[in-house]
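J.: Go ahead and model the full structure; you've got the sequences and the hints to work with.
Below, each chain spelled out in residue letters.
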Amino acid sequence: MLISKNDLPVLLDRILGEYEVYAPVKEHGKVEFKKISSGTQVCLQYSNSQKPPKGILFPQSEKMFCYETVQDGVRVDEICDCSKKVIWGIRPCDAKSFTILDDAFKNEQYRDPYYYKRRENTVIVGFGCNRPGATCFCTSVNSGPFDTAGSDVFLTELEDKYYVEGITEKGKEFIARYQLPDGSPDTSRIKESAVVASKVNLDGLKEKLDVNFYDEIWDSLWEKCIGCAACTYLCPTCHCFDIVEEAEGGKGCRVRNWDACMFPLFTLHGSGHNPRPSGKERVRQRIMHKFKYFQDKFQQTACVGCGRCIKNCPVNLDIRILLDAIQQRESGEGC
Amino acid sequence: MPNNPTALTPYPVTITKIVDETSDVKTFTVEFDDPEVMENFGNKPGQVCMLSIFGEGESTISITSAPTRGKFLEFTVKRVGRLTNVMHQMEVGQKFGVRGPYGNWFPYEIMKGKDLFFVGGGFALAPIRSLIDYALSDQYRSDYGKVEVLYGARSVDDLCFKSDLAERWPKLHNTAIYTTIDRPEEAWKGHVGFVPSYVEEVAPSPENKFAIIAGPPIMIKFTLPVFAKLGFKDDQIITTLEMRMKCCLGKCGRCNIGSKFVCVDGPVFSLAQLKGMPQEY
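Residue numbers (the working numbering), protein chains in the order written: chain A, 978 to 1312; chain B, 2 to 282.
Treat the hints as calculated values from the structure; they're not laboratory data.
Possibly wrong hints are sitting among the right ones.
Said to hold, decoys possible - Simulated pairs of lysine-lysine, DSS-like, Cα-Cα distance not exceeding 25 Å: (1) LYS1147/A - LYS1012/A; (2) LYS96/B - LYS1040/A; (3) LYS276/B - LYS1183/A.
What the hints assert, rightly or not - One-sided excerpt, in silico: chain B residues whose CB lies under 7 Å from chain A: (4) THR10; (5) PHE55; (6) MET91; (7) VAL93; (8) GLY94; (9) ARG245; (10) ARG255; (11) VAL265; (12) TYR282.
Idealized CB from N, CA, C, for every residue including glycine.
T.: Here you go:
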């Protein structure tokens, strides 16, 4: 199906009648995913948003439940975000990140109701990358500028219109409702010209990480890191969280906030002992988690190659260079 | 599997008893306000719970009581921070929240027919006490052989579970209790010395035996080689680990050791398992 660029705001306005719509909006020179109130707000001329859209399904701060002391005890009110949402124009790397978060938020014991409630009620409209950025390396992590993984609907930008494909059943049903004009243009030339120049060799990396926990490479890799956690907060797949209390008097809420393995307090015991006392252990944890531990558990790498951690690191630490440095090493001592 | 609505909301409990173990450790006995919760709780020796005080937060604490002892839970809590400070000011009749039980448990099925040699250091007798009492319960006593407990603390004041050590456990059939403190004290007639050297002195034979060890990292570090020297194999040595936790459901991301989460894959690990994991705990 097709939608002309001129008609897109009208289509989004129609969708807004039924859904909360989150889309890229340009403000103060930066593009962020925002809840829009009109289709004209949307800016699809963008490389990628500064913050990943993961916060739409896994908010940076979310109330899980609130409580109040009442006469015969405590009254607890569960909070449920049950609204129907559309994420419009999300890049393939970020759409794929939801398939990784899907794994992260469930295990044999537990399926996170807060994340999954939103996930099930959300239609994800992916948007192919005609001009991948300089720090993008999605093709190195089993993805690419037109990867439809994680998308329910997929948009490809043509000169004056978008080609709209339904990918999942949910996406096909969604898009059928808006009765767009038919058409299946040839997108092969667009796809061919979208070159992701930056590459990281991940062949054999997992096998290296399986045995190099004690390798001396970790002694130097982290030295530049100032532990600010920008990489973690801006990573579309990082999903660690803290649970805190916001309370005053007899009323309050239990709140879940994004947290980061780059902070010393993340693992600090009540006794004062810290199993990851320095940046060395914390940087190792971050790389190991993405490229080994997550693979051990879910058979996929917890990195989508969006390049945000490279672009936003205040000391120019580059995950591509770190991974290359690990790859250069002979296999280390086993653990 | 917790059956509360979102798994992160706690069940209310009421404190029925408080024992001052030491100057900064108390044991709280609690009962669920809804008795049905206890019926379905199904806690096994070695598991942990999230204790929750509205307005303060949550903390992971091991269940120190055995399920065989009755329809209550006991938690031994050291005063170290915000939540535990508030907890230490609580009195019988007051309420807090509990969610759980979480984690794996001591391999009590595999331990059947064996002797059990427990080693505890300081306040860390708490997590293994659940298994000691399980093995010593009328119901399961015949499943296990001799039960020995070697326990040490810095001083007499730091010894927890004094009545268990001095009265309850020694009176039971086929038990031996060895207690030690780090430095001599005037009124103390018992053994003086560190746990590792006391284990060497007592010299338990590895034959048909499991060693269950819990204590501060430094004690574990020096005790493990003693057991190796005595001939214990790595899968005969069981320990339980602590980590900072927030969700206890394997999601919040901080209690992992390599690919294992202490909250769901642990806290109980054999030395054989630990040797296959990175030394990051």
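J.: Run through the hints listed earlier and report the numbers of any the structure violates, in increasing order.
T.: Hints 6, 7 and 8 not satisfied by this model.
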